[in-house]
Every structure is written in structure tokens, then in C-alpha cells.
Amino acid sequence: MIDVLIIGGGIAGIETACSLQDLGYETIIVEKEKTIGGHLNDWDTLFPTHRSASEVLAHYTDETRKRALTIYLNTYVISVKKQDDGTFEVHTSRDVVFRSKAVVVASGYKLFNAERKEEYGYKIYDNVLTSADLEVKLKDLKGEFKTPTDKVPERIAFIHCVGSRDEKSGNHYCSKLCCVTAVKQAIHLKQLCPKAEIFCCYMDLRMYGPGFEEMYREAQEKYHIQFIRGRLSEVGENSNGTLQLKVEDTLAARPCKIQVDMLVLMVGMESAKSTELFAQSCGLKCAPNRFIQPLDHHIGSNLTNVEGLFTAGTSIGPMSVFDTVNHAKATAFAIRDYFINTAR
Amino acid sequence: METYFILPFTLGMLFLLIVLFIKYGLWITKLSHIDKLRIVQSIFTRRSWDAIKESFLEGLVHRNMYKRNPLLGYMHMCFAMGWFLIIVFGHVECYMYYGTLAKAPWYPIFFQYYVHEWFPGERFMTNLMDFLLLYILTGVLLAYFKRINSKIFGIKKTTKLKPLDRVALISLWFIFPMRLLAESATAALYGNGGFLTNTVGQLFVWIGVNSSMESMLWWGYSLSLGLFFVGFPFSRYMHIFTEILFIFLRHYGIKLKKQFNSYSRIQVYSCSRCGVCIDVCQMHVANISNNQSVYILKNIRDQNLTDRKLYNCLLCGRCEQACPVRINLNDLRISQRIRATKEFNSDYAFLQTLPVDEPQMIDSKPEVIYFAGCMTHMTPGIKKSVLKVLDKAGVKYQFMDKEKGACCGRPLMLAGQYEAAKKLIAYNREKILESRAPILLVSCPICYKVFKDDYELGQITIKHHSEYFLELVNQGRIQLAQSEKTIVYHDPCELGRGCGVYEPPRELLRMTGQLQSVQQEKVNSLCCSGSLGDLSLSMADRNVIKAETLKVLLQKNPDVLATACPLCKKTFVKGVDVQVKDIAEIVAEAME
Chain A
8 MIDVLIIGGG IAGIETACSL QDLGYETIIV EKEKTIGGHL NDWDTLFPTH RSASEVLAHY
68 TDETRKRALT IYLNTYVISV KKQDDGTFEV HTSRDVVFRS KAVVVASGYK LFNAERKEEY
128 GYKIYDNVLT SADLEVKLKD LKGEFKTPTD KVPERIAFIH CVGSRDEKSG NHYCSKLCCV
188 TAVKQAIHLK QLCPKAEIFC CYMDLRMYGP GFEEMYREAQ EKYHIQFIRG RLSEVGENSN
248 GTLQLKVEDT LAARPCKIQV DMLVLMVGME SAKSTELFAQ SCGLKCAPNR FIQPLDHHIG
308 SNLTNVEGLF TAGTSIGPMS VFDTVNHAKA TAFAIRDYFI NTAR
Chain B
4 METYFILPFT LGMLFLLIVL FIKYGLWITK LSHIDKLRIV QSIFTRRSWD AIKESFLEGL
64 VHRNMYKRNP LLGYMHMCFA MGWFLIIVFG HVECYMYYGT LAKAPWYPIF FQYYVHEWFP
124 GERFMTNLMD FLLLYILTGV LLAYFKRINS KIFGIKKTTK LKPLDRVALI SLWFIFPMRL
184 LAESATAALY GNGGFLTNTV GQLFVWIGVN SSMESMLWWG YSLSLGLFFV GFPFSRYMHI
244 FTEILFIFLR HYGIKLKKQF NSYSRIQVYS CSRCGVCIDV CQMHVANISN NQSVYILKNI
304 RDQNLTDRKL YNCLLCGRCE QACPVRINLN DLRISQRIRA TKEFNSDYAF LQTLPVDEPQ
364 MIDSKPEVIY FAGCMTHMTP GIKKSVLKVL DKAGVKYQFM DKEKGACCGR PLMLAGQYEA
424 AKKLIAYNRE KILESRAPIL LVSCPICYKV FKDDYELGQI TIKHHSEYFL ELVNQGRIQL
484 AQSEKTIVYH DPCELGRGCG VYEPPRELLR MTGQLQSVQQ EKVNSLCCSG SLGDLSLSMA
544 DRNVIKAETL KVLLQKNPDV LATACPLCKK TFVKGVDVQV KDIAEIVAEA ME
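The listed protein sequences derive, respectively, from chains A and B.
Heads up, the first sequence is in this note's numbering, so the first residue is 8 and it goes up one at a time.
Heads up, the second sequence is in this note's numbering, so the first residue is 4 and it goes up one at a time.
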């Protein structure tokens with residue numbers, strides 16, 4: 008029997024495994040994809056420093072190799088069952104059944120499917136992208152930046168809160184990272200296309216982290232990005248492939264139309280479908296926002312209602328890279344406490 | 004001396020006749036001039052005959068109610084048909100004995116009391132009358148039972164009563180049992196009566212009965228009749244005669260207007276409070292059970308309708324569809340909303356100053372003028388598909404609201420903003436007529452409904468894209484490829500119940516995939532819960548209602564959930580794994 012089984016080989020899972028190894032525990036990681044690193048694989052740069060995501064990813068790949076962590080790739084969890092003796096039996100898509108003394112849910116999140124907000128035209132109009140699509144585009148960028156219809160953009164708009172704080176799409180909560188991501192991406196695009204006019208349509212700008220507000224200020228003062236307080240109502244396509252946005256400017260108290268070459272939708276974060284599925288199998292409590300409900304928001308956010316089952320990272324809600332890393336480290340300590348207490 | 008007992012009945016009936024005469028007289032005189040002309044012109048036509056037929060089928064037999072709920076229909080039929088026949092045959096019996104119909108009205112009613120001796124046909128008539136009495140009594144028994152346990156009638160909730168209703172209801176409950184007792188007492192004393200009264204009479208003989216007891220029972224019968232007649236105009240029983248009046252006026256072509264008027268009042272009073280509308284209402288799923296149509300009509304009569312109840316309704320039309328009396332429940336509710344709504348500052352003058360769209364490349368008269376409407380603009384997948392089909396079929400069209408367009412006016416109408424809606428209607432109407440296109444194509448049933456009901460577009464035919472696309476297929480202008488995908492179709496309220504379009508979307512779906520039927524479809528289809536008719540319903544309640552609807556639709560695990568309304572699509576698309584598609588998208592994909 009191994010000490011800890013970790014579900015998810017993203018940065019939360021790997022960081023937990025590293026910290027647990029430092030504390031002297033044996034772990035295995037189960038990852039459903041063919042590589043480790045989760046969503047980090049898809050990002051170009053990270054806020055607030057514009058640091059390359061692959062640098063952070065390389066750190067974790069190195070650690071994994073150095074520490075010889077056991078990772079099962081292409082393996083997804085079907086169910087987690089707590090046994091009478093307090094240990095866990097984990098069934099996966101592989102034939103073997105894993106047994107462990109504790110389990111960490113580090114299964115992460117999924118991005119909001121922007122097709123659900125059809126009025127924004129995602130997958131209907133060529134020049135509508137999500138923030139995640141843009142990251143991939145930037146990452147693979149060779150030469151000049153062009154829109155999907157192969158034009159050097161003159162006007163670009165970012166739409167905040169797509170699938171977040173939106174009752175109609177069923178998500179009341181704030182995904183909290185899209186605001187700063189939009190600012191980061193807007194600056195990046197302005198650097199790539201200095202002549203482009205860039206608009207951000209927002210409800211509120213929640214610049215909660217270190218360096219975020221400064222970045223927002225820089226976006227306005229140095230990069231002349233225009234922030235319009237108001238939501239997008241609908242998008243139309245002109246015959247030349249450009250887009251027409253109908254937006255409300257709530258500060259000027261009037262509706263306005265904006266013509267753009269490219270539209271970026273800041274998609275929010277949702278609980279991963281797989282998390283919900285195996286949470287049901289082991290009686291794990293989920294919050295109304297469908298993420299896993301921590302046992303105690305203040306002094307036990309790594310614990311769950313099932314003893315021996317821990318969380319790390321975005322399985323409990325939207326988190327940035329650095330929040331995730333910190334949360335994962337704390338999870339390792341919470342597990343150590345658990346082992347010490349149960350051994351007694 | 005003993006015959007004074009006829010007084011309560013006679014006075015009650017007189018009172019009732021006078022009140023009815025005044026009420027109906029006032030209502031009819033208050034109808035609009037045109038409506039009165041309609042009556043005069045149609046009174047000696049086939050329409051009157053049709054109305055008589057319907058009055059018989061619905062007022063007496065209660066055919067529609069029977070279809071919905073056999074037990075409830077039977078109960079209503081017992082009272083209506085039974086009572087009607089007992090009056091008719093009472094007069095026949097009276098004529099057979101006295102040889103004239105010119106007898107005071109109490110003779111046929113209290114015939115058994117007056118006539119004890121044999122006359123030709125006496126045996127047959129008394130047995131027939133006994134049979135009819137028994138028939139009504141079974142209905143009375145069911146009525147008692149319904150008050151105790153409404154569930155066996157398939158009714159979850161029965162209507163609440165006000166004091167005058169209670170008086171009328173209780174006296175009605177007493178009338179026929181009292182008649183049985185009175186006739187049986189007479190039978191006991193004089194040995195007459197049929198199989199029922201004579202048998203009960205034997206029991207009275209056994210107990211011992213005298214003429215003062217007999218007289219008392221006849222007093223009781225007369226009193227309950229009189230009391231019922233006095234309560235009648237102030238209770239729900241007004242529906243009995245008002246429904247007939249309503250049926251006649253409807254057959255004469257009188258239509259409910261958006262403004263509450265005399266005809267609306269007649270409809271309100273035609274409600275028998277059978278409760279059929281309560282059960283079909285989807286709001287129960289969200290535990291909302293005070294806003295159903297029967298309560299609204301009652302509140303209109305009692306003048307205590309609250310906005311909360313009035314506005315909390317999806318206006319899906321399921322109750323209107325189910326109503327055995329065919330009251331225009333949706334439009335009645337809208338007329339109340341118009342009454343209750345304060346005019347807001349609806350200045351659309353800016354519409355006239357809008358810069359004109361770039362001229363569209365149409366050299367001659369367009370075949371169709373296409374109005375996408377707000378909701379289609381919010382579902383660009385549908386818009387794109389409609390345009391693709393039109394282009395591929397080579398249709399010459401004008402896109403009316405491509406860049407700048409005004410709302411069709413239906414959402415304002417649903418909210419009771421009649422004056423504001425009228426302004427938009429006038430603006431759009433002019434544009435449609437200007438185009439000189441013979442067909443107005445819409446891709447949103449919400450627009451369709453208001454174009455059909457309130458625009459008065461004359462020769463222009465309004466077509467939903469499902470109807471128009473089917474025409475294009477039949478004309479060979481587009482060809483569709485059939486796939487193996489299973490499809491279920493959701494009838495949008497405004498398209499189905501609202502405009503009566505059920506088959507064209509289904510025909511198109513049969514051509515493009517494997518159409519499966521669902522449990523509640525066509526006229527009985529459920530609302531998606533996204534309706535613009537209700538602006539007060541919370542998203543949580545909407546989601547509960549939506550989940551129930553989806554459960555019915557997705558029972559057979561189809562590959563595609565098809566609908567023909569952008570709002571239904573938007574409502575369903577959130578939270579289901581199955582593909583949700585509009586007919587337009589399915590057709591555009593299936594085009595070869």
C-alpha cells in the first residue's frame with residue numbers, strides 16, 4: 008500500500024508529490040492526459056510578469072525526473088472508495104486497483120465552453136477566439152501576429168466575464184483570473200501590433216494580486232488600452248469578416264457599436280466534469296458552484312468532508328499558478344498531520 | 004295554505020331572471036358597435052346552429068372536459084345534462100297531464116306534489132324522472148367526494164371558495180337530495196312515484212310519515228332552489244348561462260381585444276372553475292401554485308388581482324389549450340397586464356432618425372422580406388443558417404433588420420406595454436409594406452405571433468422559416484440529405500399553441516434524420532421555461548421547470564434536440580450534453 012495517491016498531474020499534483028516526498032512519504036500520481044503539467048502546457052506567458060509558462064513547466068518536469076516520481080499517464084479515475092479501515096481503493100481506467108492511505112484530489116478545472124453564449128459568435132464567426140485559443144496562438148506564433156482570417160488586426164476587443172458572474176450561464180461566481188489575464192494579453196497584443204486599438208469590455212476589474220493593479224495602470228497609461236465598463240450584448244459579422252459588437256457603455260450611459268477585427272472572450276473556470284463524477288463515488292461534498300467544498304474555508308481549505316481525502320489547487324475553485332503551488336504545499340502538511348494523528 | 008312553499012322557488016327564480024336580464028343586457032350593449040353588427044349579421048345564419056350544437060356538447064355534455072378528465076366531465080355532465088333533462092321532461096309530464104304548457108312554472112317543478120293520480124304514460128314518466136334524479140344524485144355524490152378528496156379526479160388542487168360561492172354550492176348540494184326526500188314522502192302518502200321515490204317512500208311508510216312532514220320536505224326543496232337562485236349571479240355558477248352566451252358570441256366572430264372590455268368580462272364569467280388549468284400548469288414544479296388562470300379569473304371578478312400573481316406566468320398557453328370552455332386565457336391575462344401597467348417613457352422617435360441602411364442589392368421586388376428579430380441576432384448560428392439556405396436556394400430576399408432594426412413588439416405586449424408596442428408595430432409595419440414582398444419570413448416564433456396577431460399586414464403571408472424551407476424543398480429549390488441521427492422536436496409555445504405550426508418542422512426533420520416522438524408534444528408540449536412572458540420568475544425556478552421539460556424530451560436519448568425558436572435553443576443549450584439545434588441549422592447542414 009502506498010501512502011498517498013494523487014489524482015491529477017498538473018502543477019498542484021506534482022507540487023504536492025514533491026512536498027510529500029520531502030516529508031518522507033511515498034506517492035503516485037494518476038494523470039488522464041499523456042503529459043504532465045495540465046493547463047500550463049497551453050499557456051504562453053504568465054501574469055503578472057509575462058514570464059514564459061514553459062519555464063515553470065520545465066521546473067516541474069525537471070523535478071519529476073530528478074525525484075523519480077511515479078506517474079501513471081493516460082489513466083483516469085473511475086471511482087474512489089473509502090474502506091472500513093480508513094484506507095482508499097481507487098479504480099482507474101487501468102486494470103490494477105490502487106490502494107493508498109490518503110488521496111489528494113488535484114484534478115483541476117475546465118474552461119467555460121464559449122459556444123454556450125451563442126450571441127458572442129464563438130465557432131460561428133472566424134474571428135472570435137477564447138483567451139485560451141489566444142494563448143495557443145501566441146505560443147505558436149511565428150512572424151507577424153494575424154487574425155484567424157489572416158489580417159494584421161487594427162482593432163481588437165476583449166470581453167470579460169464570459170461564463171463567470173453570469174446567472175444565465177449558470178455560474179454565479181467570479182473566476183477571478185480572467186481580469187488580469189485580459190490585461191496581460193491586451194498588453195502582449197499591443198506589443199505585437201503597436202498600431203492596433205484595443206478595447207476591454209468589463210463589469211468590474213478585480214485586480215486582487217500582487218502587481219495586478221500596477222499592470223492595469225500600465226495598460227491604460229503606457230499601452231492606451233481602452234477599458235469600457237459594460238457587457239457585450241451581441242456580435243454580428245460584416246461581409247468582410249470583421250465583427251460588429253453591440254456593447255453598453257455604462258459610464259457614458261449609452262449603447263455603442265464597435266467594429267473590430269478580432270474578438271477575445273475571457274472564458275471562466277468551471278469544475279472539471281471528472282471531479283464531479285468521482286466526487287459522487289466517494290461522497291465528497293461539492294459547493295453550489297460545483298467545485299469541491301473545503302471542510303473549512305479559513306483553516307482547513309485542503310481538507311474535505313471525507314477524512315483522508317484532500318484537495319490541492321483548482322479542484323476547490325479558481326486559483327492562479329502561485330496560489331495553486333502554495334495550496335499544494337499546504338496540502339502536504341495537512342496530510343502529514345493526518346498521518347501523525349491516525350498513527351497515534 | 005300548504006302550497007306557500009312554492010314562494011322561495013318562485014321569488015328566487017324571478018330574482019335570478021331579473022339580475023341575468025340586467026347583467027347580460029348591459030354586457031351586450033357595452034360591446035363595440037362592430038361586434039354588435041357582427042351579432043345582427045350572423046344571428047340567422049349557420050353560425051347560430053353551430054353555436055347551439057356547441058352549447059349542447061360543451062354546456063351540457065361537457066365533451067372537452069370529459070376528454071381531459073373523464074370523472075370530472077361526468078360530474079359536470081350529471082348536473083348540467085341531468086338538470087336540463089329533468090326540466091324538459093318535467094314540462095313534458097306536466098303537458099301530458101294538464102294538456103297545456105301554459106301552466107305556472109312551479110307546476111312542472113313540483114309536479115309530484117300536485118299530481119297523485121294515474122294518467123296515460125304516468126308509469127313511464129315517473130320512472131324516467133326517477134332515473135334522471137338518480138343520475139343527478141350520482142353527480143352530487145361525486146361532488147361531495149371531490150371536496151373531500153380531489154385527487155381521484157386527477158386534480159392536485161381544487162379551487163378555493165368565497166362565502167357567496169359557498170352558499171350557492173351548499174344549496175346546490177341540497178337541491179336534489181331534498182327533491183328525492185320530498186317526492187318520496189309524497190310517494191309514501193299517496194303510493195305514486197317511480198322505482199326510486201316509491202322505494203324510498205316504502206322506507207318512509209315504515210318510519211311513519213304524515214302530511215306536515217311531507218310539506219316540510221317540499222319547503223326544504225323549494226328553499227334550497229330559491230337560495231341557489233339568489234346566490235347564482237354572485238357565484239361561479241354564473242358560468243352556466245354565461246358560457247352559452249360566450250359560445251354564441253364566439254361563433255358570431257367576436258374576438259378578444261387587447262383592451263379589457265365587455266367581451267373579456269363575459270369570458271371571465273364563463274369560467275366554471277373546473278380546475279383543469281391548474282393541473283396542466285408547469286409552475287407547480289417550482290412550487291408556485293397561486294397564479295394559475297382559474298385564480299386569475301376569480302381575482303378579476305373579485306377585483307383583488309395582485310401584480311405578483313398577474314405577472315408570474317410564462318404565458319405558455321397550456322392552460323388555454325386545456326380549457327374546456329376555450330376561454331382566451333393568455334390574452335385575458337395580457338389585457339390585465341395592459342390595465343395594470345403604467346405607461347413608461349416609450350419614446351421611439353429616434354427610430355425615424357436612424358441612418359438608412361446601405362441599399363441592398365435587389366434590382367426588383369424581393370420574394371421575401373426577412374425579419375430576424377432580436378433573439379435570432381442573439382443566436383447567430385440560426386441567422387447564419389437561414390441566410391445560407393436562402394442564398395443556396397437563390398431566393399431574392401431583403402434582410403429587414405440586418406444592421407438596424409426595431410423590436411417586433413411582442414415582449415412589450417407580453418409585459419402589458421401596449422402603447423409602447425404599438426409604436427414599434429407602426430414603425431416595422433411601414434417597413435414591411437414598403438418592401439412590397441409577398442412573404443414576411445421570420446425565424447423567431449415570438450415575432451411570428453405578434454406579426455400574426457397585431458400587425459394587420461393584409462395580403463402579406465407570414466412564414467416561419469420551417470414553413471418556408473419546407474416550401475423550398477417541395478419546390479425542389481433545395482435538396483436535403485437524410486442522416487441516421489435520432490432527433491426529438493420541441494414545439495415552441497409561440498409557434499405551436501401560439502400560431503398552430505406543428506407539422507412543417509416535423510416534416511423537415513423527417514427528411515433530415517430519424518424523428519422520434521415524445522410523450523407530451525404538439526398542443527400538449529411543455530414550455531422550455533425561457534419565456535419572455537414572465538419577468539419575475541427566478542432563474543432557479545426556471546431551471547427547475549427546464550429540467551422537467553428536458554426529462555420528457557430526452558427520455559429516448561436522442562442525438563439531437565431540435566427546436567424552432569432561438570429562445571428555446573438558448574434556454575436548453577445550457578446544461579445539457581445533447582446537441583441542441585434549430586431547424587434552420589439542421590436544414591443548412593443537410594443541404595446537399
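Accuracy of the hints is not assured; some may be wrong.
To be verified - Among chain B residues calculated to face chain A with C-beta under 7 Å, some are:
(1) L23
(2) I25
(3) H380
(4) K577
Read the hints as simulated data drawn from the structure, not as lab findings.
All values derive from a computational prediction rather than experimental measurement.
Glycine included, every Cβ here is placed at the ideal spot set by N, Cα and C.
Where does the structure disagree with the numbered hints, that is, which hint numbers, in rising order?
-> 1 and 2
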